[in-house]
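Position 256 of the sequence shown, counted from 1, bears residue number 256 in the numbering used here, the numbering being contiguous throughout.
There's no promise every hint is true.
As the list claims (entries may be wrong) - Calculated lysine to aspartate or glutamate pairs in the DMTMM-like style (CA-CA distance at most 25 Å, straight line):
#1 Lys239 x Glu270
#2 Lys239 x Glu215
#3 Lys239 x Asp224
#4 Lys239 x Asp260
#5 Lys239 x Asp281
#6 Lys239 x Glu193
#7 Lys239 x Asp223
#8 Lys239 x Asp483
As the list claims (entries may be wrong) - Here are the in silico distance ranges between beta carbons for each label pair:
#9 Pro436 x Gly457: 29 to 39 Å
#10 Gly261 x Ser446: 18 to 28 Å
#11 Ser317 x Gly151: 36 to 46 Å
#12 Gly319 x Ala388: 34 to 44 Å
To be clear, the hints were calculated from the coordinates, so they are not data collected in a lab. Note that the Cβ used here is the ideal one computed from N, Cα and C, for glycine as well.
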Amino acid sequence: MASPRRPSLLLALTAVISACAAEVVSVPGDSSAPRDASEVGQDVPQDAGADVPVVMDVPLDRPDVVAVDVPADRGVDVAPVDVAPIDGGTSLACLTGGTPPSQTCARALCGNNRVDSCQRCMPCVGGPGGGIRPPRDAGVCCTDEPEQCDGDALGGATCESLGYAGGTLRCGDWCGRDTRGCNACAISAHTRECIRAELAGVAPSALAIASNGAEIGVAWVSDDGHAVHFARYSPALVKLSERNCLGVGDARGVALAAVDGGWLIAVGSELGTRTVPLGPDGSNRGAGALLPLGSMPMLAERPSGGPLLVATRYEDSRGGVVLAAVLRADGTQASAEQELITDEIEAGYGSAAWVGDGWLVASRGGRGAGGDLGVLVARVEPDGRAGAPVQPVGAQTEYPQLAFAEGAVWLTYANFGVASPGIARARLDTRGRPMPGSVDLGHIPSYFNPSPVVGVGTDSLILLGTYTGSTGHGRRLEVSRIDAAGRTVVDPYAITTGPEFARGYRLVRHGRDAVVAWIGSGFPGRVGLAVVSP
């Protein structure tokens, strides 16, 4: 079985440097990482032929030595075996046929093409006679830790048995299930294309998408925060190119916009937001700039001219301060920064959109009469001047997402200040003030998550993440179309299926269609992409 083994900082940095050596690559996730915590403690199938070692004795004068009982037909000499510390406990060494004992179960068993189980032992909580289970061997409590799989031995599991639509399940060299070959795309008449993207780097921690009308751009941050990546896709979701290591450092968020001359990436870090301009093919297009606007960037495009950059800077006295500045297409600052909202709550779950003659920026603010102002919306003019924020949907609201089309501004948000908390859609004017056209979209336990929205004519297309109890994590992604009067034009249909959570999910218009992107949970991390017809 695989014991947790986390790469050292030196190895992590070496991996980053190695990834940066190539300009256009497609590398599977880091297979040396530990299993997901959810994989520990699962049952060993009865037909898997697992040999479970039994602790016979722990000498009182040698707590670091144990004896392992080996089946008689194994033909292996029984000898004391050292105990290896793992995560504060100990893992007993296991023996394989004809092989000398090894210090850890992982070294001895993972890779033998059999689904095995070892015991993890540690002093019982409270000493002999106490603990989470009856004490064994002078106050040592042991639990079985089976492998999920080993080589070609999958323990009878398939992609379908795990809840996916299909695909090929493999066993990773950490003896845990590698589900990257499983199909997490649901079947729908509205889904034109859906893929699990083959992208470089380890599990993504942040994701952004944009469309220039002809191609789809995807930017993401590796989970270690050291590498920023960019890839271009055709409308059929065929990868056209991929660039890696566009930024190395403490990346805390990423945003992407299609601009005149190509693409613009914004990367948030402790030092501020760095802009990275790219050409139409993803090649470098200039030096960009390091702007002291804070982290967690958002970019809001406009039909002509540079986008609006929105970021959050944290201050001791005012908490999160939402700042905005107009950028040029090369990523340099075209207007002075403006403060929009102070004491922001839940940075990273706000939104910004061009509304025909300016921008609206929405986020959740605090310090109201009841301690929570809820969703606030501020307007920014094309020259960068900003107005005072308004409160369009009341207190105790969060997760605001904005969109604009055909003169209508749509806002989706979560409302936890009502008897039945849920998701709603409101209509605003271009100053952020409420207008008729609000509608409830669903309630806990169905929906309560950020719900990205785009305009489709006078209707709104909304991406819903089904409720999990964890902010920004949807058990399943669904899309629904609602008209201006609040009537459902297209009932919610599933984009994803399977056991994974979807997080960091995004929605953007692409011509007559819309593109959905998301990060799948579990290990190894993966990015999903889908093109849907409204």
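Right, here's what the structure says about each hint:
Distance restraint check for lysine 239 and glutamate 270: the Cα-Cα separation of roughly 32 Å exceeds the 25 Å cut-off, and the hinted pair is therefore not satisfied. At roughly 10 Å between alpha-carbon atoms, lysine 239 and glutamate 215 fall within 25 Å of each other, so this suggested pair holds. Annotation: proposed proximity of lysine 239 to aspartate 224 holds, straight-line Cα distance about 24 Å (limit 25 Å). A hinted pair counts as satisfied when its Cα atoms are at most 25 Å apart, and lysine 239 with aspartate 260 qualifies at roughly 22 Å.
The straight-line distance between the Cα atoms of lysine 239 and aspartate 281 is roughly 12 Å, inside the 25 Å bound, and the hint therefore holds. Proximity of lysine 239 to glutamate 193 is assessed by CA-CA distance (about 13 Å); at most 25 Å being required, the pair is judged to hold. The straight-line distance between the Cα atoms of lysine 239 and aspartate 223 is roughly 21 Å, inside the 25 Å bound, and the hint therefore holds. Between lysine 239 and aspartate 483 the CA atoms are separated by roughly 34 Å; this puts the pair beyond 25 Å, and the hint is violated.
Taking 29 to 39 Å as the suggested C-beta distance range, the pair proline 436 and glycine 457 does not conform, at roughly 18 Å. Checking the proposed 18 to 28 Å range against glycine 261 and serine 446 shows it is violated: the Cβ atoms sit about 43 Å from each other. In this structure the hint that serine 317 and glycine 151 lie 36 to 46 Å apart at CB is violated, the actual value being about 58 Å. At roughly 18 Å, the beta carbons of glycine 319 and alanine 388 sit outside the given window of 34 to 44 Å.
Figure legend: structure checked against the earlier numbered hints; hints not met, in rising order: 1, 8, 9, 10, 11, 12.
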